[in-house]
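Asker: Quick note: the working numbering has the sequence shown finishing at residue 246, numbered continuously throughout.
These are calculated hints, taken from the structure and not from any lab test.
Bear in mind the structure is a predicted one, so any value in this text is a computation, not a measurement.
There may be inaccurate statements among the hints.
As a list, the in silico DSS-like pairs of lysine-lysine whose alpha-carbon atoms are at most 30 Å apart [as the list claims (entries may be wrong)]: (1) 190 x 155; (2) 209 x 155; (3) 149 x 178; (4) 149 x 181; (5) 180 x 209; (6) 215 x 181; (7) 190 x 176; (8) 87 x 178; (9) 149 x 176; (10) 181 x 155; (11) 180 x 215; (12) 180 x 149; (13) 176 x 127; (14) 178 x 127; (15) 180 x 155; (16) 87 x 176; (17) 209 x 127; (18) 176 x 209; (19) 181 x 209; (20) 180 x 190; (21) 155 x 127; (22) 149 x 209; (23) 190 x 127; (24) 127 x 180; (25) 176 x 215.
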Amino acid sequence: MHDLKYLRGYPADLLAQVARMRDAGRLGEYLERRYPGRHEVQSDKALYGYAMELKQAHLRNAPAPDKVIYDNKLDVVHKALGLNTAISRVQGGKLKAKKEIRVASLFKEAAPAFLEMILVHELAHLKERDHTKAFYQLCEHMLPGYHQLEFDLRVYLTWRELEG
Numbered sequence: 083m084h085d086l087k088y089l090r091g092y093p094a095d096l097l098a099q100v101a102r103m104r105d106a107g108r109l110g111e112y113l114e115r116r117y118p119g120r121h122e123v124q125s126d127k128a129l130y131g132y133a134m135e136l137k138q139a140h141l142r143n144a145p146a147p148d149k150v151i152y153d154n155k156l157d158v159v160h161k162a163l164g165l166n167t168a169i170s171r172v173q174g175g176k177l178k179a180k181k182e183i184r185v186a187s188l189f190k191e192a193a194p195a196f197l198e199m200i201l202v203h204e205l206a207h208l209k210e211r212d213h214t215k216a217f218y219q220l221c222e223h224m225l226p227g228y229h230q231l232e233f234d235l236r237v238y239l240t241w242r243e244l245e246g
């Protein structure tokens, strides 16, 4: 039996509901009904542009990321849907930090709402480093319904793993 590893920590009644849909083979139907279609942000350049639009709309005073790319090495199993890192390099006599956002490549095939949720999450780290209450309030401010999207994204990951 497939466990619901992406949904650990959610209430038992929600897990039971997802398990029933999984057992009936209806997870894909649920996701397609709620999140039809796939986004068109396929290149790293387009991803960077999209991330900058979101940043400008919600986080004008936050520092801009230097790079936003799809990364086929991110491992979803280890909870890395996206990463927000600062790479430090010595340039001349100074230490320069470049901010990078990396999004797991599997999200090239995802619904537009899921890509937006991941970018909002990573962009929120520009202002709030840790997953605190303030961080999640910022995510919800930037993307109303953020928590439902995060839950449905975890259902999507469960469905993808079942489809193999």
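Asker: Compare the structure with each hint and give your call.
Answerer: A quick look at each hint next to the structure:
| no. | hint | verdict |
| --- | --- | --- |
| 1 | 190 x 155 | holds (14 Å) |
| 2 | 209 x 155 | holds (26 Å) |
| 3 | 149 x 178 | holds (14 Å) |
| 4 | 149 x 181 | holds (7 Å) |
| 5 | 180 x 209 | holds (15 Å) |
| 6 | 215 x 181 | holds (23 Å) |
| 7 | 190 x 176 | violated (37 Å) |
| 8 | 87 x 178 | violated (38 Å) |
| 9 | 149 x 176 | holds (20 Å) |
| 10 | 181 x 155 | holds (18 Å) |
| 11 | 180 x 215 | holds (26 Å) |
| 12 | 180 x 149 | holds (8 Å) |
| 13 | 176 x 127 | holds (28 Å) |
| 14 | 178 x 127 | holds (23 Å) |
| 15 | 180 x 155 | holds (20 Å) |
| 16 | 87 x 176 | violated (44 Å) |
| 17 | 209 x 127 | holds (23 Å) |
| 18 | 176 x 209 | holds (24 Å) |
| 19 | 181 x 209 | holds (12 Å) |
| 20 | 180 x 190 | holds (24 Å) |
| 21 | 155 x 127 | holds (18 Å) |
| 22 | 149 x 209 | holds (17 Å) |
| 23 | 190 x 127 | holds (13 Å) |
| 24 | 127 x 180 | holds (17 Å) |
| 25 | 176 x 215 | violated (35 Å) |
Of the hints listed earlier, those the structure fails to meet are numbers 7, 8, 16, 25, in rising order.
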